[in-house]
Amino acid sequence: MTEQRTPLVEMRNISISFGGIHAVDNASVDLYPGEVVALLGHNGAGKSTLIKILSGAYRRDEGEILINGEPADISNPRDAKKYGIETIYQTLAVADNVDAAANLYLGRELRTPWGTLDDVAMEAKAREVMGRLNPNFQRFKEPVKALSGGQRQSVAIARAILFNARILIMDEPTAALGPQETAQVGELIKQLKREGIGIFLISHDIHDVFDLADRVSVMKNGQVVGHARTEDVTKDEVLGMIIMGKVPAKATPGPGAMQMA
Amino acid sequence: MADTTHTAPFNRARSADESPVKRFFRATEIDTRLLGMVGAMLIIWIGFHFLSGGLFLTSRNLWNLSVQTASIAVMATGMVLVIVTRNIDLSVGSILGFVGMIMGVLQAELLPQLLGFNHPATWIITLFAGLLLGAGIGALHGMIIAFLNVPSFIVTLGGLLVWRGATWFVTSGRTVAPMDTTFRLMGGGTEGSIGAAASWIVGLIACVAIVASIIHSRRQRKRFGFPRRPIWAEYFLSAVGCALVLGAVAIANNYGWPVNIARKYADANGIAWPEGGLFIAHGIAIPVLIAILIGIIMTFISTRLRFGRYVFAIGGNPEAAELAGIKTRWVTVRIFALMGMLCAVAAAISTARLNAATNAQGELDELYTIAAAVIGGTSLAGGMGTIAGAMLGALVMQSLQSGMVLLGIDSPLQRIVVGMVLVTAVWLDTVYRARAK
Ligand SMILES: Nc1ncnc2c1ncn2[C@@H]1O[C@H](COP(=O)(O)OP(=O)(O)OP(=O)(O)O)[C@@H](O)[C@H]1O
Ligand SMILES: [Mg+2]
Chain A
1 MTEQRTPLVE
11 MRNISISFGG
21 IHAVDNASVD
31 LYPGEVVALL
41 GHNGAGKSTL
51 IKILSGAYRR
61 DEGEILINGE
71 PADISNPRDA
81 KKYGIETIYQ
91 TLAVADNVDA
101 AANLYLGREL
111 RTPWGTLDDV
121 AMEAKAREVM
131 GRLNPNFQRF
141 KEPVKALSGG
151 QRQSVAIARA
161 ILFNARILIM
171 DEPTAALGPQ
181 ETAQVGELIK
191 QLKREGIGIF
201 LISHDIHDVF
211 DLADRVSVMK
221 NGQVVGHART
231 EDVTKDEVLG
241 MIIMGKVPAK
251 ATPGPGAMQM
261 A
Chain B
1 MADTTHTAPF
11 NRARSADESP
21 VKRFFRATEI
31 DTRLLGMVGA
41 MLIIWIGFHF
51 LSGGLFLTSR
61 NLWNLSVQTA
71 SIAVMATGMV
81 LVIVTRNIDL
91 SVGSILGFVG
101 MIMGVLQAEL
111 LPQLLGFNHP
121 ATWIITLFAG
131 LLLGAGIGAL
141 HGMIIAFLNV
151 PSFIVTLGGL
161 LVWRGATWFV
171 TSGRTVAPMD
181 TTFRLMGGGT
191 EGSIGAAASW
201 IVGLIACVAI
211 VASIIHSRRQ
221 RKRFGFPRRP
231 IWAEYFLSAV
241 GCALVLGAVA
251 IANNYGWPVN
261 IARKYADANG
271 IAWPEGGLFI
281 AHGIAIPVLI
291 AILIGIIMTF
301 ISTRLRFGRY
311 VFAIGGNPEA
321 AELAGIKTRW
331 VTVRIFALMG
341 MLCAVAAAIS
351 TARLNAATNA
361 QGELDELYTI
371 AAAVIGGTSL
381 AGGMGTIAGA
391 MLGALVMQSL
401 QSGMVLLGID
411 SPLQRIVVGM
421 VLVTAVWLDT
431 VYRARAK
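Protein sequence lines correspond, in order, to chains A and B. With the first letter of the first sequence counted as 1, position 58 gets the number 58 in full-length UniProt numbering; the numbers rise by one all the way through. With the first letter of the second sequence counted as 1, position 182 gets the number 182 in full-length UniProt numbering; the numbers rise by one all the way through.
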């Protein structure tokens, strides 16, 4: 069982506030190799903020992050990447004015022996990876601005899987995708899982989540309501966790669980 | 590989119902915006030529125009990177003044005491000191902007006042002259031009480089199976590029030394003075060569190096750049340091040309530099701009000014015209961009 192994990621008692708002309050989540953990919760529950702490975009006020059981020092996105953490942000975070290949390699450009950008090699690799994700994609020379929402999302996904991530964070990766592309991302997630990569998946589509995730962690108002294995709970029970904070019997309650009267 | 087989029929289907003009631009990948600017410049040139009674399109005037453009063109290349990252630098004119004054004092007063007059190393020591100083000032601005989060507008507005004031303190307002004789070559003039033979050689090298780069990029695309331009388009681009280069060289070589200087030269070298006068060509001026070299280096930096990629990514989406792991603050510092260095190059050119360092050197240059970059297609919203466009923008600005001088228009009216042209150009640009979407 997974419980005997060291978790790939363990976020313990994480808190962060912006001004007076406790965006994340004493939240703990963990992730094992080859596992998909879905983070669920209403809008503004703190899901994106929590994973942005893991990806180095925000610095936590309190709490600790362990990678493979060892305390990890993540204070910027570069640190996170060093630990093999790749992120697809909800806002996509692509540079609109440069092309797909430049975005895929942003911050980690391939260079020729002379130290110049190896655009040809980057474009070749970009064509290969994008071909795997979205075979219809052809517009490699244009700035990403000229692409559709779904195409931009494919670029963001391709960027995350390009660098052999060990930990993948996907914040609503299929929000803008058509059914065919969504199915493709689903296949991709299954394949990455088989390769032993741990995935945090944030989604509002609970059906999607149930097909793909091994466990769910539910957040509400910055706190964790509870964790459950998807085989132990029904969709309705999870909806109850999300909406009312009601934790079913087979789930583990967190600090945000509704207090039983 | 599979992609090309996919694209080929797709592209063909698309290009079949295109007009020949559109197909031409697609095939040659010519930037229509840049072409529009060239067109506007030609109209300005021809207009001034007629209004001045045939004085504008002479090799003498065009040669002078090229020399006058050099210093602003050099600074405009840096301003592109500044504006692309959504910053602005209002201090370039004052940095030019201050660095120019320091270089003036160094070569005219300090170094002669240490090394003796006209020591061969004077110019290079002066230039290096100037470059270091410029980079230092720029880096200071950049750090205040990046690490203390003061908007660049304010930091460089402060810099505009501070460095202009500091210029005065160096010599209490006194003008420093004359400059070192070798240093002066950077300013152009009969001495500071490379002559006919060397100019042709430079032109030929440029042609070889153009053809070589076109062949190289075609080979690269072929190697990886990417779509290529049709072969006729490659020939066309090579031919136009070479024709422009050689045409410019021919004009520079058509402008001879003034009679009195040529006569002095003949006397000094024991050449008998011929019947119809002695024709010695200026050839390309050294400041123009410097500006072109800077343009090439800056184009290389902005398109071929990681630093340039980061500059554009930051301009397109600062948050995404940060999340991608780019050290955006350090990139900002480096941009401003580079800008300061380019101000030093411009300072060298303009003090050498004037053969003096004055208190007012570079005044209003910040506005001309920004105008050149913006007219040249650099978007104030960030993320867009080219070095070549900015240099062309500098040429357009200078053409307007020189033309008006040629027509005897007073300087207050000149400013009014330049101001209106700037606003109009940016308005046209927004119209163009809105249509291009
Ligand atoms: N940079 C910020 N500054 C101030 N408040 C913030 C910031 N980022 C998030 N918040 C606040 O923190 C709370 C949690 O936001 P977060 O984006 O994590 O929610 P979420 O669960 O991802 O919601 P959604 O499903 O809508 O994406 C919200 O109340 C939000 O307003
Ligand atoms: Mg979110």
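Hints should not be assumed to be uniformly reliable.
To be verified - Once the Cα atoms are required to be at most 25 Å apart in a straight line, the calculated DSS-like pairs of lysine-lysine come out as:
| hint | chain 1 | residue 1 | chain 2 | residue 2 |
| --- | --- | --- | --- | --- |
| 1 | A | K145 | B | K22 |
| 2 | A | K81 | A | K246 |
| 3 | A | K141 | B | K22 |
| 4 | A | K125 | B | K222 |
| 5 | A | K235 | A | K193 |
| 6 | B | K222 | A | K141 |
| 7 | A | K235 | A | K246 |
| 8 | A | K190 | A | K81 |
| 9 | A | K125 | A | K145 |
| 10 | B | K327 | A | K145 |
| 11 | A | K82 | B | K327 |
| 12 | A | K141 | A | K190 |
| 13 | A | K82 | A | K190 |
| 14 | A | K81 | B | K327 |
| 15 | A | K81 | A | K125 |
| 16 | A | K250 | A | K82 |
| 17 | A | K125 | A | K141 |
| 18 | A | K250 | A | K235 |
| 19 | A | K141 | A | K82 |
| 20 | A | K190 | A | K145 |
| 21 | A | K125 | A | K193 |
Just so you know, these hints were derived from the structure itself, not from any lab.
(message) Run through the hints listed earlier and report the numbers of any the structure violates, in increasing order.
(response) 2, 12, 16, 19 and 20
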